[in-house]
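Asks: Once you've looked at the hints, dock chain B against the given chain A.
For the record, the sequence lines run as chains A and B. Numbered continuously in the working numbering, the first sequence closes out at residue 516. Numbered continuously in the working numbering, the second sequence closes out at residue 516.
Some clues are possibly wrong.
If several chains are the same, the list does not tell them apart, and a pair holds so long as it fits within one copy or across any two.
[Unchecked claim] List of simulated lysine-lysine pairs, BS3-like, C-alpha gap at most 27 Å:
| id | residue 1 | residue 2 |
| --- | --- | --- |
| 1 | K52 | K105 |
| 2 | K52 | K162 |
| 3 | K186 | K219 |
| 4 | K366 | K444 |
| 5 | K339 | K303 |
| 6 | K93 | K138 |
| 7 | K105 | K444 |
| 8 | K286 | K162 |
| 9 | K309 | K105 |
| 10 | K426 | K71 |
| 11 | K440 | K512 |
| 12 | K467 | K227 |
No lab work stands behind these hints: they were computed from the structure.
2 protein chains.
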Amino acid sequence: MGISRRDFLMRVGQAGGYSAAFTTMQSLGLMPMKASAATPIAAAAGVGKGTKLVVLGGGIAGLVTAYEARKLGYDVTVLEARHRPGGRNWSAKNGDVVEFIDGTKQNVTWSEGLYQNMGPARLPSVHGTILGYCRELKVPLEVQVNTSRSSFLQNDAVNGGKPYVQRQAVNDTRGHVSELLSKAIKGGALDQDITVEDRQRMIAFLRIYGPLDRTNVYKGSDRALIKQYPGAGSQEMIIDAETVPMHTLLDANFWTGMLYEEAWDWQATMMEPVGGMAQIPYAFAKSLGPIVVYDAPVTEIAKTPKGVKVTYTKAGATKTIEADYAVCAMPLTILRKIKADLDADHKRVVDTAVYRGSYKIPWESKRFWETDYNIYGGLSFMAQGPNPVWYPSCNLMAERGIIVSGYQDDSYENFAALTLEEKFAKSRAQVEKLHPGHGKDLEKPVFCGWRQVKWNEGSWIGGIPQKDYNILTSPDGPIYFAGDHTSHVVGWQEGAATSGRRAIEMISDKVKAAKA
Amino acid sequence: MGISRRDFLMRVGQAGGYSAAFTTMQSLGLMPMKASAATPIAAAAGVGKGTKLVVLGGGIAGLVTAYEARKLGYDVTVLEARHRPGGRNWSAKNGDVVEFIDGTKQNVTWSEGLYQNMGPARLPSVHGTILGYCRELKVPLEVQVNTSRSSFLQNDAVNGGKPYVQRQAVNDTRGHVSELLSKAIKGGALDQDITVEDRQRMIAFLRIYGPLDRTNVYKGSDRALIKQYPGAGSQEMIIDAETVPMHTLLDANFWTGMLYEEAWDWQATMMEPVGGMAQIPYAFAKSLGPIVVYDAPVTEIAKTPKGVKVTYTKAGATKTIEADYAVCAMPLTILRKIKADLDADHKRVVDTAVYRGSYKIPWESKRFWETDYNIYGGLSFMAQGPNPVWYPSCNLMAERGIIVSGYQDDSYENFAALTLEEKFAKSRAQVEKLHPGHGKDLEKPVFCGWRQVKWNEGSWIGGIPQKDYNILTSPDGPIYFAGDHTSHVVGWQEGAATSGRRAIEMISDKVKAAKA
Chain A
1 MGISRRDFLM RVGQAGGYSA AFTTMQSLGL MPMKASAATP IAAAAGVGKG TKLVVLGGGI
61 AGLVTAYEAR KLGYDVTVLE ARHRPGGRNW SAKNGDVVEF IDGTKQNVTW SEGLYQNMGP
121 ARLPSVHGTI LGYCRELKVP LEVQVNTSRS SFLQNDAVNG GKPYVQRQAV NDTRGHVSEL
181 LSKAIKGGAL DQDITVEDRQ RMIAFLRIYG PLDRTNVYKG SDRALIKQYP GAGSQEMIID
241 AETVPMHTLL DANFWTGMLY EEAWDWQATM MEPVGGMAQI PYAFAKSLGP IVVYDAPVTE
301 IAKTPKGVKV TYTKAGATKT IEADYAVCAM PLTILRKIKA DLDADHKRVV DTAVYRGSYK
361 IPWESKRFWE TDYNIYGGLS FMAQGPNPVW YPSCNLMAER GIIVSGYQDD SYENFAALTL
421 EEKFAKSRAQ VEKLHPGHGK DLEKPVFCGW RQVKWNEGSW IGGIPQKDYN ILTSPDGPIY
481 FAGDHTSHVV GWQEGAATSG RRAIEMISDK VKAAKA
Chain B
1 MGISRRDFLM RVGQAGGYSA AFTTMQSLGL MPMKASAATP IAAAAGVGKG TKLVVLGGGI
61 AGLVTAYEAR KLGYDVTVLE ARHRPGGRNW SAKNGDVVEF IDGTKQNVTW SEGLYQNMGP
121 ARLPSVHGTI LGYCRELKVP LEVQVNTSRS SFLQNDAVNG GKPYVQRQAV NDTRGHVSEL
181 LSKAIKGGAL DQDITVEDRQ RMIAFLRIYG PLDRTNVYKG SDRALIKQYP GAGSQEMIID
241 AETVPMHTLL DANFWTGMLY EEAWDWQATM MEPVGGMAQI PYAFAKSLGP IVVYDAPVTE
301 IAKTPKGVKV TYTKAGATKT IEADYAVCAM PLTILRKIKA DLDADHKRVV DTAVYRGSYK
361 IPWESKRFWE TDYNIYGGLS FMAQGPNPVW YPSCNLMAER GIIVSGYQDD SYENFAALTL
421 EEKFAKSRAQ VEKLHPGHGK DLEKPVFCGW RQVKWNEGSW IGGIPQKDYN ILTSPDGPIY
481 FAGDHTSHVV GWQEGAATSG RRAIEMISDK VKAAKA
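If we strip away everything but chain A, and leave its shape as in the complex, we get (with noise of 0.2 Å):
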């Protein structure tokens, strides 16, 4: 199940990959998901003529079914409780408040011009949905910095805490592994397995693939630790023969850190609007224009003979729309609030379903890690305490800049049980850790605890049986469903984006169906 792949990405140590077991084979071949474009949705043109339809939640999957569903000619009204369109799709930034259900609010009040995404903030090159809808309503984008070989890797148990910089651990450890492999060769442990031709190739291949020096022996190389860089006149490059041992390369367990840039949806190149994440939804909204109703709580779904009436409040009014078909893009821990009229299936799964509680802990700060780190952009990954530290990619060579000191999931050593300012200090001292002595230059933090926000009230779905999975991606009568969450691309915005396409197909289908 995708359902647990973001959950994946979140914990340190498993093993990597799919299940093979899957459903579906079909095969694409080399040529990945294209971005031309947003491709048409599967559906005739002006099918959704004299067709009503109503989308409870204005993040990206709400946007993206009003999106399409008005190029099909539907008649579509997006209700959204917040003041801004985008659910977890949120760049904040000065005058901006972090609201959490019980009531605590957190005032963002960073200096002009800086912002974090506290939601969603990367886009892989192969999530081509979202990508072509950056493409077709020019949202501009710039790189995002998912990886960096001067960020660090770090545990407290091994080199007395000191961090490892990347560089190092990531050459070092395939220069071991090459070693021991060069040595087994020869040895002739793997005579059965490799033709003699090629055990002469391979060992050549390793040469290069270490690096290992002419007795086949890893001694580090300036891909891992140069002690003196190169420069004019006499001065050359010195590398750190001392390469960290395997041994403690295995104590350290830093493999998962190092191989997360490897994931599909972790590689490069990846990408972020330029301003924010949010110019995303921004860019919906503008084009869709009063089809969104902003500060629009929902509070009741009913069924009705010709379709659903949905009722809402807006500036203390209740008000009500009927429609012919419901698509309800928000997430369950808020649907299951709203008295809905579901069958009693679809209402086990909503009210069931586990949320997780990632949260991000930002704060501003002068660039120390550009100026004395060359940091630009990337992540280091700790192996206790809030993780990772995350260097921003926009703006290099700025002032100041947002720095995130954690972002997982709030169940992990407990952060949750603590109070804000406890928080603040564990997150800070991860920086020092790291950074020693720029603890200090960390100001104006704020936790955005998401299992806390109001009207989301947890990150992302957590695992989910199949046969709940199966419930939650059908109807239930002219209720559809949309979200990450009716994805396997969950916590991501491809997830969401598919699944406003794949509702608005499924509408169609029907409205289709019912015309012949």
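Replies: Chain B in isolation, oriented as in the chain A frame:
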């Protein structure tokens, strides 16, 4: 010798890493070179007051020399043969001309807003000196994408010439290596090398590193080839379990292409100035103002009792300038054509130094690599023909862009001997190999072969014996030498910048000693 470093990066199949025989043993520890700002020159404030300096050549080395000299109070003039600063640092655009020494002129006629960095095109985050100047001169930077997992590796002799996407080649290679090493460890082949405890931990590690399945076999993963990307509803991810066999990967000899990204000066994060690399020399030139004299080719360098006399032409007239010191920051290929009052050693080195003839062939095209291949920046490496294909990092998702097909030495496959039309045909064919049907999309090619470019006649210095390097980096009386050829970072702006700083430090030492 760093001298050969640049050449190393241009060649395929050599083992990585430097000679460990270094002369200086100054440990800088974990902390990399800082880019906090251009650090002050090691010279007393005002040391240059009353001293006249002439700098020959307005490339990065000459500009840095003049910029630092002015800070120290020197009366400084830069003579530049061209009508622009920067030398090889040139962002060619519509209206520019590639002018060869044989009189050939190629007009650049690309669409508005498009440009190509014909010389340096990358700023590694560990090149702290040149980045420090970017910071000091407020040159806006963006990320330069050096690695894209969506780009290709291709070899005519393997897979019927069809390219492999890098995510598959890179990750299948690690998968096979991990499987083989796991098998060797389990078979006891490395019992002498790995403790009992570590053996189990190595096997657990290799399961993630590979990744391997529970039987320690590599069967692909989401890191490598994906047949179907996940989406909404029932659309789950389908991984291609048909991995590229190790035997094929060995045949393909892809590893250098794979491992470039780990070289110290190719590692993420890399950057580039917004609007082109030439923003750097233009920022220096703006700061220096009338200190830089353009269209002023030097014709003679003479020693005088009190220093040097330099003859140059300007607007048809012959002019001279007298100074206490000269810093010669022009290519040795140009210097050797000038009547220069050098001692026998320096003259010999200048006359005999071997230069490389690297070229780039940029084309204008619609961005099919983005729309159809999800390639946003990065490089595709090819085993035969002009190589690599380099995709632009700037203006992602714009309609059109500049793609480079061929960036290597003109001696490779005797490329220099071909006519321009033959070169362009070969260059276009490379794109067609990787992106069938798109060769025809390429328009308006330019062959920027630095061996033939007027005022350069070479891309960078080739190998140079240590004895000759020692001569070149020592002054000849009042004449000092700067340029990346007097550094261990040949072919990079970092080498040029550090060489300019070194020249002015050496001169300041002499000035101070003379005053004492």
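Asks: It remains to establish, for every hint, whether it holds in the given structure.
Replies: Status of each hint after checking the structure:
With identical chains, the CA atoms of K52 and K105 are never at most 27 Å apart, being 38 Å at best within one copy and 64 Å at best between copies. Neither within a single protomer nor between protomers do K52 and K162 lie at most 27 Å apart by alpha-carbon distance, with minima of 61 Å and 50 Å respectively. Taking the shortest Cα distances, K186 and K219 sit within 27 Å of each other both inside one copy (19 Å) and across copies (25 Å). For the homomeric pair K366 and K444, the shortest alpha-carbon distance inside one copy (12 Å) is at most 27 Å, but the shortest distance between copies (45 Å) is not.
In the homo-oligomer, the alpha carbons of K339 and K303 lie at most 27 Å apart inside one protomer (11 Å), although the nearest pairing across protomers, at 94 Å, exceeds that limit. Proximity of K93 to K138 under the C-alpha cut-off of 27 Å is found in both arrangements, the shortest distances being 22 Å within a copy and 24 Å between copies. When the C-alpha separation of K105 and K444 is checked against a cutoff of 27 Å, the pair qualifies only within one copy, where the shortest distance is 14 Å, while the shortest distance between copies is 58 Å. Neither within a single protomer nor between protomers do K286 and K162 lie at most 27 Å apart by alpha-carbon distance, with minima of 49 Å and 44 Å respectively.
For a Cα distance limit of 27 Å, the shortest separation of K309 from K105 qualifies neither inside one copy, at 34 Å, nor across copies, at 72 Å. With identical chains, the CA atoms of K426 and K71 are never at most 27 Å apart, being 49 Å at best within one copy and 45 Å at best between copies. In this assembly of identical chains, the alpha carbons of K440 and K512 never lie at most 27 Å apart, being 63 Å within a copy and 42 Å across copies at closest. Only between protomers do K467 and K227 lie at most 27 Å apart by alpha-carbon distance; the minimum there is 25 Å, versus 57 Å within a single protomer.
Hint violations for this structure: numbers 1, 2, 8, 9, 10 and 11, all remaining hints satisfied.
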